[in-house]
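Take these sequences, add in the hints, and give me the full structure.
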Amino acid sequence: MTSNLPALVIIVPLLASLVAAGAGWFNRKAPFYIAVIALLISFISSVLLLAQVVATGVAIEYQMAGWPAPVGIVYVIDHLSAMVLVVITFVAFVNLIGNRQAVETEFKNKEGAFNALYVLFTAGLVGMTATGDAFNLYVLLEIASLSGYALIGLGSSRAPLATLNYLFLGTIGATFYLLGVGYLYIATGSLNMADLATIIPSMMNSSTILFAFIICLTGLLVKMAIFPVHGWLPGAYSESSTVSAGLIAPLTTKVTIYIMVRICLTLFTPEYTFGYIDPTDIMVAIAVASIIFGSLSALAQKDFKRMLSYIIIAEVGYMVGGFFLGNRMGVSGAILHIVNDAAMTLALFMAAGIFIWKTGDEKQSSLKGLYAKMPFTMAGFTLAALSVVGVPPTCGFFSKWYLISGGIAAGQYLFVGALIFSSLINAVLFFRIFEIALFEPFKSHHHAGDEEDKVESHHGETIVDPGVIESAQQYSGSDSHDHGAIVIKEPPLPMLVPFLGVCVLLLILGLYSGSIVNNIIHFAIPAGII
Amino acid sequence: MFENKIDEAPLWCVVPLVITASISVLLFFYPQPFLKLASLAVQTIMGG
Amino acid sequence: MELFSFIVAKADYWAYVILMMVGLYALIAKNNLVKKIVGMTIFQTAIILFYVSIGYKKGATIPILHHGSDHGGEALAAHGAHAAAHGTQEVAEQAAHAVAHAGEAAVKAMDYINPLPHVLMLTAIVVGVATLGVALALAMKVYKEYGTLEEDEINQQLRNG
Amino acid sequence: MSMETILSVKPLFAVLVSLVAIPGIVSSRSQNIREAWTFGAAAIKLLLVLSMLPLVLDGNVLTFTLVQVLPDIGITFKVDAFGLLFAIVASSLWIVTSIYSIGYMRSLNEHSQTRYFSFFAVAISATIGVAFSANLLTLYLFYEMLSLATFPLVTHHQDKEARSSGRKYLFYILGGSIGLVLPAMMITYHFTGTLDFAAQGVMAGHINSGLALLLTVMFLFGFAKVGIMPMHSWLPAAMVAPTPVSALLHAVAVVKVGAFSVVRVFTGIVGTTLLSDFGINGIVCVLASITIVVASLIALSQDELKRRLAFSTIGQLSYIVLGIALLTKSGMTGGMLHIAMHAFGKITLFFCAGAIFCATGIKYISKMKGIGRRMPITMTAFLIGSLSVVGFPPCGGFISKWYLVLGTVESGNIAFLFVLLGSSFLNAAYFFRFSTMLFSAAKRR
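Protein chains in written order, with full-length UniProt numbering: chain U, 1 to 530; chain C, 1 to 48; chain A, 1 to 161; chain P, 1 to 445.
It is worth saying that the hints were derived from the structure and are not from the lab. You may find that some hints are simply not true.
Unchecked claim - Here are a few chain U residues that sit away from chain A, every Cβ distance over 12 Å (derived from the structure): (1) 22; (2) 356; (3) 375; (4) 425; (5) 487.
Stated by the list, open to error - What the simulated footprint calls covered on chain C by chain P, stretch by stretch (three residues with Cβ under 8 Å from a Cβ of chain P suffice, anywhere in the stretch; the number is not a length): (6) 13-21; (7) 28-35; (8) 40-46.
Virtual Cβ for every residue (Gly too), placed ideally from N, Cα, C.
Structure follows, in structure tokens:
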């Protein structure tokens with residue numbers, strides 16, 4: 001059983017997507033549970049894998065169907081991929097259980113399709129992360145992308161157009177990657193990453209390899225939506241339903257960055273990437289442009305999810321810039337930020353889901369008075385926001401710490417400045433929301449008075465839990481002279497608890513970032529990088 | 001402007017300010033704890 | 001003259017590059033969504049052709065083992081140089097390597113075209129078809145929503161609505 | 001004297017105790033139970049802090065590392081003499097302020113008192129955290145925590161004025177800490193490889209004079225809570241907060257955290273040798289002197305009592321910076337003592353301002369004529385408080401001023417002596433003119 005864990009991580013969601021699609025015809029609730037169970041198994045397996053890798057210190061190589069490398073396709077679980085696997089499966093699992101209500105209402109009669117796509121997308125990402133084969137990576141990339149397009153396309157009425165734009169650019173990106181792999185194959189005759197890594201150092205000067213590197217990297221940069229090829233991202237993420245955005249936004253860009261790290265370090269080897277090509281200056285310049293552009297554009301957004309989307313573009317800049325600093329601090333920061341940013345983005349999109357559940361739309365101006373209405377949700381949201389700003393001891397601070405340290409060590413002061421600038425802009429962005437939620441009285445877009453009923457009837461059943469009512473009474477009891485009668489109404493516990501869990505995780509990740517770096521990331525970076 | 005009637009703030013307000021005012025005076029006659037701590041700190045910084 | 005031979009020697013590369021650019025142009029510059037989708041397909045097909053061409057060797061035969069027959073090998077050995085010109089030497093060696101592993105030491109890999117890129121492209125074609133399907137489905141939804149497939153008209157509607 | 005480093009969880013508990021009380025505060029069913037939680041936490045905190053006093057007076061240092069967050073840097077607590085001095089001031093005044101808060105908030109029937117007491121507890125935790133920080137990263141962590149915890153307190157009234165003040169507050173405080181302190185800290189770390197506070201600083205030998213000057217100035221302005229001009233204008237704006245907040249936070253906790261951080265960084269990170277060798281301390285002295293004089297002059301013209309007190313605070317904070325930057329033993333002792341002495345004096349003044357507002361609803365000095373007749377106890381306390389702030393005997397403020405004056409004389413730079421004496425005259429002017437008016441005006445009428 002344990003020896004087959006690497007297969008389990010991907011096969012279970014892959015099969016579950018088929019089962020869920022079929023089960024949807026017979027039972028409307030079954031697909032959801034199938035998806036949850038599959039993701040849970042996948043999550044547990046990846047945690048076990050990570051534990052095993054950390055304990056033994058040796059990468060696990062799993063031969064699919066028993067064919068050895070370099071002929072067969074192998075899955076390689078090392079420190080880096082095990083960690084990213086945990087991130088992917090965790091985000092997928094928590095986002096799904098946290099948004100159960102939204103799934104039931106937004107995808108009525110499409111439960112089978114939605115859950116199948118959801119799990120398939122996760123399977124694609126998991127496969128991309130685990131695979132040790134450059135072409136297999138392309139296939140899984142497309143599996144993830146295609147199910148991602150379908151998930152996003154199920155969103156609002158504007159979603160199909162946004163998705164189509166995403167599809168065009170996504171296809172360009174993936175095809176570029178495929179072309180790059182083709183050139184690699186011409187030059188080396190191999191598709192196995194480990195095999196390639198042994199061949200490439202002997203043919204450093206080959207222009208074919210250089211071309212392959214550039215084309216692969218370009219494809220991945222398009223896929224991760226770095227400035228100036230970011231155009232598809234804000235539309236796609238903000239028009240999709242919140243459940244899908246909560247899955248895709250934290251993972252797609254982050255996994256693509258992981259792929260970039262993997263390709264640059266494992267496939268092309270650090271000697272080639274940083275020693276021979278040395279793309280630091282140009283890549284950091286692109287990253288800086290992405291950070292500054294993303295932050296400034298976020299400032300102009302009125303829609304909450306759209307603002308988050310632009311923040312993601314800036315965060316992509318953090319990671320790309322940090323990685324291409326080429327020193328241990330910078331690369332550590334980039335890899336740590338993959339984990340941290342996934343958690344932060346998940347928390348923020350889950351918050352967006354709760355806001356939409358509460359107010360019915362996603363304009364920032366609809367968040368009026370929410371601190372009084374939902375203190376627990378807003379406490380969690382505040383924590384997530386502060387993490388994005390980079391306030392210690394939340395995790396956002398520590399990845400920024402490594403990134404800035406790396407920037408100083410590499411002498412890239414522009415990058416350091418951009419990071420600080422973006423922190424300040426993020427502070428402005430989120431405090432603007434805090435202000436709206438704190439200072440302006442709660443106003444519903446529904447007719448005054450019956451908004452609570454509206455929300456309830458809109459969502460069919462509302463689960464009222466005793467804790468919420470109790471706290472409502474106690475608040476109105478002790479502070480009865482507060483503005484009129486503000487009734488606290490938190491979202492139902494199945495929605496609130498996962499969200500708050502993720503928010504607390506942001507703190508835990510922050511406090512234990514030292515252990516994460518020392519025990520995992522340290523081993524994920526080749527010794528050649530100092 | 002005000003009548004010559006004594007009308008202080010609530011007791012909960014007056015007590016603390018009397019306490020802090022007394023401490024302010026007390027510290028003139030008995031500054032030892034703070035003075036010792038400060039000179040100890042200065043000693044570690046400036047040496048000697 | 002040298003330039004000419006350079007171009008001719010890599011004719012398949014030039015073909016795929018031109019096709020790719022045609023596709024990319026349509027993807028970026030065309031206004032109609034279906035034309036964009038067509039461009040995307042051309043773009044993907046260009047890459048498929050590229051892969052197919054790198055697996056091909058002049059005069060080589062399909063990779064089915066010719067047991068007990070060696071005339072093919074002798075006849076085709078002369079074309080080894082052509083294979084090198086195609087830049088596929090390493091590929092050929094690799095194929096030889098792989099076949100040797102399979103236990104058929106007597107078979108000369110030079111006689112066969114490299115099947116791997118072709119097999120890979122089967123997958124890529126499937127991916128391409130799937131992408132095309134999703135894209136067309138989305139285009140239909142867009143048409144239902146806006147009643148048009150022209151991007152500028154859609155944008156006009158978005159601005160007004 | 002035996003210098004020993006003792007491993008102890010006491011500092012951690014002292015920091016956490018008020019955080020632990022928050023669930024109690026939030027879930028209390030009545031106001032009295034809620035305030036009981038606050039008092040309980042405050043009392044335990046003070047006892048914990050005081051229990052460390054004998055050990056520290058014997059020259060020991062208590063440390064505790066909570067978690068190693070970065071290679072070589074942990075969230076680490078260290079209790080030394082200076083930290084303990086500040087912690088005693090903050091934790092003892094928390095109790096007093098809690099009593100005062102009850103009177104003030106209840107008599108004015110303020111809204112959201114639960115929120116108020118909760119964030120007050122967070123703020124006090126953060127203050128003690130700053131006092132007990134063993135390295136700059138830990139200090140930064142608690143400094144930011146304090147900035148954020150005070151935001152809901154400053155904007156407590158949730159009206160338009162509170163909103164714009166809140167913005168200003170965050171703009172200076174967060175802007176300073178993220179924009180200046182964070183990069184300065186990271187550059188320091190890059191060159192020295194450590195952020196631990198050492199007796200002689202850590203920069204010497206690693207950082208050249210130009211960079212040291214730049215970093216010092218970045219720290220000085222970045223810790224905007226110390227209110228060195230031009231980073232001061234958040235403080236008068238923050239006076240929209242309820243008076244107990246102004247009293248504890250803007251006379252003691254927040255502003256003194258700024259002063260404390262500056263002192264810690266100057267002595268523990270930059271180091272006195274580096275400061276004096278490159279003459280950086282002279283520049284700091286000049287900046288502090290300008291702030292002292294200008295703030296005192298502005299204070300003279302303020303009609304709103306709390307704003308006058310705020311500008312007075314800005315001036316007094318710079319005394320602390322000046323005292324340290326003189327780099328003489330007396331000056332430094334005076335600067336550190338001033339953290340305590342000024343705290344007790346200024347908090348009295350704020351309490352009085354709040355008491356006046358509670359009893360009469362008046363905020364402006366021009367309307368307070370003859371109020372001493374009506375509120376003799378309050379106004380006597382006010383007189384004592386202002387005597388202490390100005391530095392007259394028999395008040396605590398005299399002691400610290402005395403050492404500061406000695407410090408200027410020791411440093412041999414008479415100009416700063418004149419700054420001190422001159423500003424004291426200004427202080428006297430703005431307090432006593434006011435105090436005498438309060439007592440006498442009604443008679444004339």
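Now for the hints, and whether the structure bears them out:
Residue 22 of chain U, annotated as away from the interface, keeps every beta carbon of chain A farther than 12 Å; the closest lies near 19 Å. Every Cβ of chain A is farther than 12 Å from the Cβ of residue 356 of chain U; the closest lies at roughly 20 Å, confirming the non-interface assignment. For residue 375 of chain U, the requirement that its beta carbon stay farther than 12 Å from each beta carbon of chain A is met, with the minimum near 37 Å. Chain A leaves residue 425 of chain U outside its interface by the beta-carbon criterion, the shortest separation being 27 Å against a cut-off of 12 Å.
For residue 487 of chain U, the non-interface assignment is confirmed: its Cβ lies about 36 Å from the closest Cβ of chain A, beyond the 12 Å cut-off. Counting residues of the region 13-21 of chain C whose CB lies closer than 8 Å to any CB of chain P gives 9, which reaches the minimum of 3, so the coverage claim holds. Evaluation of the coverage hint for the region 28-35 of chain C: fulfilled, as 6 residues show C-beta separations to chain P shorter than 8 Å, against a requirement of three. Coverage of the region 40-46 of chain C by chain P holds. Counting CB-CB distances below 8 Å, 6 residues qualify, and the rule asks for three or more.
No hint from the list above goes unmet by this structure.
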